[in-house]
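Given the structure of chain P, go ahead and fit chains X and L onto it with the hints provided.
Residue numbers (this note's numbering), protein chains in the order written: chain P, 670 to 951; chain X, 3 to 311; chain L, 411 to 868.
Hints were generated in silico from the structure; no laboratory data involved. Every value quoted in this text rests on a predicted model; they were computed, and no experiment measured them. Every residue, glycine too, gets a C-beta built ideally from N, C-alpha and C. One or more hints might be untrue.
Straight-line Cα separation of at most 25 angstroms, SDA-like style, residue types lysine to any residue; simulated pairs [what the hints assert, rightly or not]: (1) L:495 - P:919; (2) P:715 - L:496; (3) X:77 - L:671; (4) P:707 - L:863; (5) L:541 - P:713; (6) L:773 - L:466; (7) X:196 - P:677.
Chain P stretches covered by chain L per the calculated footprint, using a threshold of three residues with CB under 8 angstroms from any CB of chain L [to be verified]: (8) 707-721; (9) 799-806; (10) 887-899; (11) 905-917.
Residues of chain X placed beyond 12 angstroms of chain L at every Cβ, according to the derived structure [said to hold, decoys possible]: (12) 121; (13) 271; (14) 289.
The chain contents come next:
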Amino acid sequence: MEKTIKRYFPLFMLPTMLAFVVGFLAPFAYGVFLSFCKFTTVTNWKWVGFSNYLKMFSKGADVDVFVHALWYTSLFTVVTVLIINVAAFAIAMVLTKGIRGTNLFRTAFFLPNLIGGIVLSYVWLMLFNSVLQNYHMTITSTPWSAFWGMVVVVSWQQIGYMMIIYIAGIQNIPGEMIEAAKIDGANSHQMLRYITIPTLAPTSTICTFLTLTNGFKLFDQNLALTGGSPNRMSELLALNIFQTMYGMQGWQGVGQAKAVLFFLLVAAIALVQNKISRSREV
Amino acid sequence: MSAQMKTKVKRSETASGPRGTKHGWIWTTIFGVISLIWISPLLIVLLNSFKRKAFIFKNPFSISRYSLISDGFEKWKNGIEKAFFGVQNYSNGIQRTNFWSAFGCSLFITIFSVAAILLFCSMTAWFVVRVHTFYTKLFYVLCLFSMIVPFQMVMFTLSKFANMMHLGNPVGIVIVYLGFGAGLAVFMFTGFVKSISIEIEEAAMIDGCTPVQTFFKVVLPIMKPTVVTVAILEAMWVWNDYLLPYLVLDINKYKTIPIAVQFLKQSHGTIDWGAMMAVLVLAIIPIVILYIFAQKYIIEGVLAGAVKG
Amino acid sequence: MKKFLSIAMSAAMVASMMTTAAVADEADDFDPGTGKVYYLNFKPEVDQQWQDLAAAYTEEYGVEVNVLTAASGEYETTLQSEMAKSNAPTIFNCGNTSGAETWDDYTYDLTGTWLDEHSANKEFNVSYNGKLSSVAYCYESFGIIYNKTILEGYCGMDNAVVSSIDEINSFDKLLEVATDINSRIDEINDELGTELTEAFVGSGLDSGNSWRYSGHLANMPLYYEFVDDGIDPVTDGEATIKGTYLDNFRKVWDMYVDTSAADKATLDSGTLSAADEFGLGEAVFYQNGDWEYSTLMNEDNGYDLTADDLGMMPIYFGVDDENEGLCSGTENCWAINAKASEEDIQSSLAFLQWVVSSDEGRKVTNEDMGLTMNFDTYTGDFASVNPFGAAAQELVAEGKTAVGWAFNATPNVDTWRQGVVDALIAYTANGQTDEDWDGVVSAFVDGWNEQWELAHAE
Numbered sequence: 670m671e672k673t674i675k676r677y678f679p680l681f682m683l684p685t686m687l688a689f690v691v692g693f694l695a696p697f698a699y700g701v702f703l704s705f706c707k708f709t710t711v712t713n714w715k716w717v718g719f720s721n722y723l724k725m726f727s728k729g730a731d732v733d734v735f736v737h738a739l740w741y742t743s744l745f746t747v748v749t750v751l752i753i754n755v756a757a758f759a760i761a762m763v764l765t766k767g768i769r770g771t772n773l774f775r776t777a778f779f780l781p782n783l784i785g786g787i788v789l790s791y792v793w794l795m796l797f798n799s800v801l802q803n804y805h806m807t808i809t810s811t812p813w814s815a816f817w818g819m820v821v822v823v824s825w826q827q828i829g830y831m832m833i834i835y836i837a838g839i840q841n842i843p844g845e846m847i848e849a850a851k852i853d854g855a856n857s858h859q860m861l862r863y864i865t866i867p868t869l870a871p872t873s874t875i876c877t878f879l880t881l882t883n884g885f886k887l888f889d890q891n892l893a894l895t896g897g898s899p900n901r902m903s904e905l906l907a908l909n910i911f912q913t914m915y916g917m918q919g920w921q922g923v924g925q926a927k928a929v930l931f932f933l934l935v936a937a938i939a940l941v942q943n944k945i946s947r948s949r950e951v
Numbered sequence: 003m004s005a006q007m008k009t010k011v012k013r014s015e016t017a018s019g020p021r022g023t024k025h026g027w028i029w030t031t032i033f034g035v036i037s038l039i040w041i042s043p044l045l046i047v048l049l050n051s052f053k054r055k056a057f058i059f060k061n062p063f064s065i066s067r068y069s070l071i072s073d074g075f076e077k078w079k080n081g082i083e084k085a086f087f088g089v090q091n092y093s094n095g096i097q098r099t100n101f102w103s104a105f106g107c108s109l110f111i112t113i114f115s116v117a118a119i120l121l122f123c124s125m126t127a128w129f130v131v132r133v134h135t136f137y138t139k140l141f142y143v144l145c146l147f148s149m150i151v152p153f154q155m156v157m158f159t160l161s162k163f164a165n166m167m168h169l170g171n172p173v174g175i176v177i178v179y180l181g182f183g184a185g186l187a188v189f190m191f192t193g194f195v196k197s198i199s200i201e202i203e204e205a206a207m208i209d210g211c212t213p214v215q216t217f218f219k220v221v222l223p224i225m226k227p228t229v230v231t232v233a234i235l236e237a238m239w240v241w242n243d244y245l246l247p248y249l250v251l252d253i254n255k256y257k258t259i260p261i262a263v264q265f266l267k268q269s270h271g272t273i274d275w276g277a278m279m280a281v282l283v284l285a286i287i288p289i290v291i292l293y294i295f296a297q298k299y300i301i302e303g304v305l306a307g308a309v310k311g
Numbered sequence: 411m412k413k414f415l416s417i418a419m420s421a422a423m424v425a426s427m428m429t430t431a432a433v434a435d436e437a438d439d440f441d442p443g444t445g446k447v448y449y450l451n452f453k454p455e456v457d458q459q460w461q462d463l464a465a466a467y468t469e470e471y472g473v474e475v476n477v478l479t480a481a482s483g484e485y486e487t488t489l490q491s492e493m494a495k496s497n498a499p500t501i502f503n504c505g506n507t508s509g510a511e512t513w514d515d516y517t518y519d520l521t522g523t524w525l526d527e528h529s530a531n532k533e534f535n536v537s538y539n540g541k542l543s544s545v546a547y548c549y550e551s552f553g554i555i556y557n558k559t560i561l562e563g564y565c566g567m568d569n570a571v572v573s574s575i576d577e578i579n580s581f582d583k584l585l586e587v588a589t590d591i592n593s594r595i596d597e598i599n600d601e602l603g604t605e606l607t608e609a610f611v612g613s614g615l616d617s618g619n620s621w622r623y624s625g626h627l628a629n630m631p632l633y634y635e636f637v638d639d640g641i642d643p644v645t646d647g648e649a650t651i652k653g654t655y656l657d658n659f660r661k662v663w664d665m666y667v668d669t670s671a672a673d674k675a676t677l678d679s680g681t682l683s684a685a686d687e688f689g690l691g692e693a694v695f696y697q698n699g700d701w702e703y704s705t706l707m708n709e710d711n712g713y714d715l716t717a718d719d720l721g722m723m724p725i726y727f728g729v730d731d732e733n734e735g736l737c738s739g740t741e742n743c744w745a746i747n748a749k750a751s752e753e754d755i756q757s758s759l760a761f762l763q764w765v766v767s768s769d770e771g772r773k774v775t776n777e778d779m780g781l782t783m784n785f786d787t788y789t790g791d792f793a794s795v796n797p798f799g800a801a802a803q804e805l806v807a808e809g810k811t812a813v814g815w816a817f818n819a820t821p822n823v824d825t826w827r828q829g830v831v832d833a834l835i836a837y838t839a840n841g842q843t844d845e846d847w848d849g850v851v852s853a854f855v856d857g858w859n860e861q862w863e864l865a866h867a868e
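Next comes chain P alone, as it looks inside the complex:
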């Protein structure tokens, strides 16, 4: 069968691949190339070799801030991956039980995704700060209040999104498997442990991967909610790259180099994560 399908390569693969080359691969390769250049626009560059990569660790680059952003982002990603996936899974479970109002509730959870990150981050900023003001604090009083503030907003926005994927996964569970388990006298706890969770492994792979990359790439909410305050101590990696590109004259290339490094790091983590969770799948 594989051989027969293979002959249909031009139909099944080619359109996507061509678009992929134009929309991603070529710009990406060019982007990597530019990380070895000093440039103002992508057509006005000068080859400088590895100097951008070296500059990244020079004094002016605020290595401390960059290193802080690295582990701060990692921690942020771990926390949001856990919170979002657990909550989205739990909500998806309840909202596939057929309780009254299910459709309404699903829509409600899904709604926060519909307005871009920036405006809603401002609304959340108002909410947080009008409460915190009573304690003479703001969301950016400490790096940790900023951290949890972002966790709340990001979780709020993404739980509904992941919930949709989990619901799709749950509805793919074969009914007969459940019937059989019921006949065997499995209680609901056992059903969850032995039927639902294992068969949802592919779904959770998807969701974990998505939340992982979303966490590492987070930008809009970071910019709008904290802007990196206090003292750049709530700066996530994407914002750090942005600040290097735009905050420093002539450092476009360094920002580009940071982005490449960041990409390699996340790619490594994501591939490992993907390998591990795929191996758990049935």
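Chains X and L only, in chain P's frame:
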């Protein structure tokens, strides 16, 4: 074959659980409350879209700048009258962003991009799962990579390539979206294709189906709920996307809603929040309709598949 | 040196009155050229006016003019993206020396062009690498906006510190008045029927407002230091600064926060809305610029102000209060893309010439866009209609020195400003101690020196 298909596609018991599951009303109450809290930030946006600019940031959570308790009813009422702007923000926003033209542009791009992504990426995903070569594996990994790359790294090069290939129009950008959105779609589709048992397809091919027929008659119907899910997620992304179309499109001719909204911000940081919130409220309506429609479709899709099988 | 700007400005005004006739003559042999024009506009609020001007020009001269407006805060991104495209902008904005440095490969030398010759105040133009990189087309002024009606009402009260607004002519007087108003809010409200809550509006240190302090207020110590050192205060800047006038900066900042109702611990909360506080008559003083005029006057916003309520005074800084005028300067400068074809360059120059010399162009830029234009062609009917802009010119005419925008020389602007803002937040939230002020000084002075080195190192 049909028995197997039924096994695969029969609507799961958890999903169809009878109304009034044990303690159903408790869950309904709990989720009713949570849902309300959940959407309260959005209700704040809605509330403020009816207020004059002066009162949006000053009193974001109330309808009057005076307190009913400490300032008395007359003053409170006066505060409401001063703050209330009717639907003026809506008409200002619609007029100043040229909303309907932006709406049409967004709608066109979203529909065709999502359609292209669904069609081509589901085919690609199936091919990638079923054909085991180095190239399909490589392509899959590259798809994962495309989801990781920070957009800042590729935005200028992407806009340059799109310009070189004359893709700065609503039709051209569909190709860009297909390419840039392929990662997520292929990734999600492969995840679900893997759970489809290969025997069904083999049976179909033995019965004389070509791979194309097998894909469209057997595989795609089984994947329907996944297709709908991916459709929602991709539609949401394209509909709300800002920087990509901003850099790729010839924005003098074509503005999507998120781009048009940006023009309510002035230099020196003055933002017409009232109009902006009004336009955002209008902009989410189509996606909500799509979602409510699609949500039914997820369940119907599963049922239809079961009946056919 | 201090007088330099003021003389330049008033000389330009006199000169402009005499050249009106000359302009009309030149219009006869106007050559629109055969190229194409593509203008990348920097101000989103005047997009429509530019589109209209472009259409009118195309209709009259048959030259294709395309205007693209960058979204707010997205100008640099847009410029970078557009400049790499095959049909790149022929006219773009290049507002300061560091911009000219970055875009040096792309700036066409404007020396001797019509725009250069008719530029009213050449001090605002940007030169770099021996070229006239860009020509300032309009300028803006900032200072302390005050509510004239309320302030006059206060002056009329029995025990007021001053009896007329004119008496507020120095930092010390302003501080006295602001402090007095702030301590007698209820009394003033009872007497005048106002709804004051504070003298100065809340000084937000969030990302949407902090530039008024880290940029515009910080301009004052920079300016006076540059003037002391005898360098051109607007364009050159210095590699190392000493922070000579930071004590004055501190006094003004303390006045802003001490005479305001805003909670000092949460100035960065983003919940403060200075324009709304001022617009609703809750505050008397508000540091901002002439661009704010249209916002404050817009009826739809719900403000209670009329044109008669508004006045603007200099940011008295306690250094040279007698001679100090408003802060006038610009970041709105036209540059021509040197990489464009010769025909396109000539057509672009012709288009800009038409904009600032034709009746239609002058009317639109002056009245509809509300800009205070920087060409000697804006006289008579085309004198600035912005009352704050007019106030700036009036002060200069009285012999005051317009304070130049020294902050245009700031190295790595956003990075440096963020450092200053973070230090200001800490200083204000923690009780305004000397120790915390040292943090501000360090962010200001050391931060500047460090960023300068980074920005100008090869």
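Evaluation of the provided hints:
1. A distance of roughly 20 angstroms separates the Cα atoms of residue 495 of chain L and residue 919 of chain P; the hinted pair therefore holds under the 25 angstroms criterion.
2. Taking the CA atoms of residue 715 of chain P and residue 496 of chain L, the gap is near 19 angstroms; set against the 25 angstroms cutoff, the hint holds.
3. Proposed proximity of residue 77 of chain X and residue 671 of chain L is supported: the alpha carbons are some 22 angstroms apart, at most 25 angstroms.
4. A C-alpha spacing of about 18 angstroms is found between residue 707 of chain P and residue 863 of chain L, which places the hinted pair at or below 25 angstroms, so the restraint holds.
5. Pair hint residue 541 of chain L plus residue 713 of chain P holds up; C-alpha atoms about 20 angstroms apart against a cutoff of 25 angstroms.
6. About 13 angstroms separates the Cα atoms of residue 773 of chain L and residue 466 of chain L, which keeps this hinted pair within 25 angstroms; it holds.
7. Among the hinted pairs, residue 196 of chain X with residue 677 of chain P is consistent with the structure: their alpha-carbon atoms are about 19 angstroms apart, no more than 25 angstroms.
8. Taking a C-beta to C-beta cut-off of 8 angstroms, the stretch 707-721 of chain P contributes 5 residues in contact with chain L, enough for the three needed, and the coverage statement holds.
9. A count of 5 residues in the stretch 799-806 of chain P with a Cβ less than 8 angstroms from any Cβ of chain L is obtained; the coverage claim is therefore met, three being the minimum.
10. Given a C-beta distance limit of less than 8 angstroms, the hint that chain L covers the stretch 887-899 of chain P holds, as 4 residues qualify and 3 suffice.
11. Counting residues of the stretch 905-917 of chain P whose beta-carbon sits less than 8 angstroms from any beta-carbon of chain L gives 4, enough to reach three: the coverage restraint holds.
12. For residue 121 of chain X, the requirement that its beta carbon stay farther than 12 angstroms from each beta carbon of chain L is met, with the minimum near 30 angstroms.
13. Listed as a non-interface residue, residue 271 of chain X fails to keep its Cβ farther than 12 angstroms from every Cβ of chain L; the least gap is roughly 5 angstroms.
14. Its beta-carbon lying about 22 angstroms from the closest one in chain L, residue 289 of chain X satisfies the requirement of being farther than 12 angstroms from that chain.
In this structure, the one hint that does not hold is number 13.
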